[in-house]
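Novice: Below, each chain spelled out in residue letters.
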Amino acid sequence: AQSVTQPDARVTVSEGASLQLRCKYSYFGTPYLFWYVQYPRQGLQLLLKYYPGDPVVQGVNGFEAEFSKSNSSFHLRKASVHWSDWAVYFCAVSMDNYAQGLTFGLGTRVSVFP
Amino acid sequence: EAAVTQSPRSKVAVTGGKVTLSCHQTNNHDYMYWYRQDTGHGLRLIHYSYVADSTEKGDIPDGYKASRPSQENFSLILELASLSQTAVYFCASSDKQGAIDTQYFGPGTRLLVL
Numbered sequence: 001a002q003s004v005t006q007p008d009a010r011v012t013v014s015e016g017a018s019l020q021l022r023c024k025y026s027y028f029g030t031p032y033l034f035w036y037v038q039y040p041r042q043g044l045q046l047l048l049k050y051y052p053g054d055p056v057v058q059g060v061n062g063f064e065a066e067f068s069k070s071n072s073s074f075h076l077r078k079a080s081v082h083w084s085d086w087a088v089y090f091c092a093v094s095m096d097n098y099a100q101g102l103t104f105g106l107g108t109r110v111s112v113f114p
Numbered sequence: 001e002a003a004v005t006q007s008p009r010s011k012v013a014v015t016g017g018k019v020t021l022s023c024h025q026t027n028n029h030d031y032m033y034w035y036r037q038d039t040g041h042g043l044r045l046i047h048y049s050y051v052a053d054s055t056e057k058g059d060i061p062d063g064y065k066a067s068r069p070s071q072e073n074f075s076l077i078l079e080l081a082s083l084s085q086t087a088v089y090f091c092a093s094s095d096k097q098g099a100i101d102t103q104y105f106g107p108g109t110r111l112l113v114l
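As you go down the protein sequences, you meet chains A and B in turn.
Following my numbering, the numbering of the first sequence begins with 1 at its first residue and continues without gaps.
Following my numbering, the numbering of the second sequence begins with 1 at its first residue and continues without gaps.
Be careful, since some hints might not be right.
As the list claims (entries may be wrong) - Coverage of chain A stretches by chain B, computed from C-beta distances (three or more under 8 Å per stretch; other residues unrestricted):
1. 24-33
2. 64-71
Claimed, not checked - Over 10 Å on every C-beta distance to chain B, these chain A residues come out as not near it, computed from the model:
3. Asp8
4. Val11
5. Gly16
6. Gly43
7. Asp54
8. Val56
9. Ser80
10. Ser84
Claimed, not checked - With the Cβ distance kept under 10 Å, some of the chain A side facing chain B (calculated, not the full set):
11. Gln42
12. Gly53
13. Trp83
14. Gln100
15. Gly101
No lab work stands behind these hints: they were computed from the structure.
What you are looking at is a predicted structure, and each value in this text was computed from that prediction instead of being measured.
For each residue, glycine too, the CB sits at the ideal point set by N, CA and C.
Given these sequences and hints, build the entire structure.
Specialist: Dropping the structure here:
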């Protein structure tokens with residue numbers, strides 16, 4: 001069975017600093033990987049998604065992620081954080097039967113301070 | 001922009017009572033999902049559907065039923081609500097490739113069972 005681990009429950013970062021959120025997956029096969037963001041009191045929104053191909057994926061709002069098969073990782077990065085990036089970020093992997101929805105990590109809560 | 005709406009947005013229910021959560025999408029999407037979100041568990045899949053009049057069990061279906069009477073509508077039913085079902089419930093929809101397509105989430109329903 002597939003699983004996703006986000007080792008950092010909380011991250012605090014200064015506005016303008018860089019951000020990296022870690023994601024490790026366990027999946028036997030070719031993974032489809034996603035980062036979703038949840039702003040306060042809202043549903044989740046897609047930041048970016050990885051389909052087999054180029055390991056570096058560009059997303060919205062300056063986010064990018066890099067897939068590594070050797071490390072079973074899909075880390076999210078942003079060069080310069082804005083206060084509006086205060087949110088919870090979820091990494092997810094598609095299940096074996098992609099009709100069955102996604103397996104999500106527990107999320108990383110990002111707090112941005114001036 | 002894809003649109004998924006949920007009703008009610010919040011609800012207080014009594015233990016043993018029946019609760020129905022409704023979801024409506026205007027995206028003309030084939031797939032619909034119900035997730036629950038709990039602190040410490042991230043999002044977990046309860047039920048999903050890929051066609052009207054058919055539903056499938058997800059990872060945690062016990063205590064829940066689902067109904068998809070039309071392509072646009074997908075309901076989650078708690079026949080006998082229990083304290084452990086206190087959570088935030090999210091509905092999502094996606095197009096023909098299921099979970100590997102972008103999932104569009106509703107704003108969530110906060111359910112408190114007393």
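Novice: Hint by hint, which ones does this structure get wrong, listed from lowest number up?
Specialist: 1, 2, 6, 12 and 13
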